[in-house]
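Assemble the whole structure, with the sequences as input and the hints as a guide.
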Amino acid sequence: MERVILRDPTIADAPALVRCSEDPLTQRFTTIPANYTEKMAHDWIASPRPNTHRWVICDSQDASFQGAIDIRVIDSHRGNIGYHVSPWARGRGRASAALELVKERARELGLTHLELEAREDNLASRRVAEKCGFTQTGSRPDERAPEFQLITYELQLSQEASGR
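With this note's numbering as the guide, the letters of the sequence shown map in order to residues 9 to 172.
Bear in mind the hints are in silico, worked out from the structure with no lab data behind them. The model shown is predicted, which means the values in this text are computed figures rather than measured ones. Do not take every clue at face value.
[To be verified] Computed beta-carbon distance windows for the label pairs:
id, residue 1, residue 2, range
1, K47, R152, 14 to 24 Å
2, T18, Q164, 32 to 42 Å
3, A153, R11, 29 to 39 Å
4, G118, A42, 29 to 39 Å
Ideal Cβ positions, reconstructed from N, Cα and C, are used throughout, including at glycine.
What follows is the structure, given as structure tokens:
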């Protein structure tokens, strides 16, 4: 697995975010709209959501933009993870490496329970969740595409060894 680093998003990431939004798989599997503009990217960067911790996934060698990942804090012990990997970075273990780093960040935030959802036909994302120790717990209809199910996953951090 190739290594990645996580950092806060900056305005310099806006063009890469827009390029990601043009990808059919990004449009299919994420909430990033197809008509995503540089202004929308700037707004996302400049206006973080309350109770959300987010990072840009970067290559550890050249610090290039590889995707984004976040934890949306649900309550004092639970968080929901979301991520996407840029088309040019897929298939190289970027999402798994980033998710492992975010699990450590979640521990630092005092979270003990993580949740993640992946659309049933997003096999790559489902493999990432399972590789990183998440357990499938059920499914529910995808509100954006009702013909598909979202597969739900959970991970109890307190049951996992920390300090890797």
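Hints, verified against the model:
| no. | hint | verdict |
| --- | --- | --- |
| 1 | K47 x R152: 14 to 24 Å | holds (22 Å) |
| 2 | T18 x Q164: 32 to 42 Å | holds (34 Å) |
| 3 | A153 x R11: 29 to 39 Å | holds (34 Å) |
| 4 | G118 x A42: 29 to 39 Å | holds (37 Å) |
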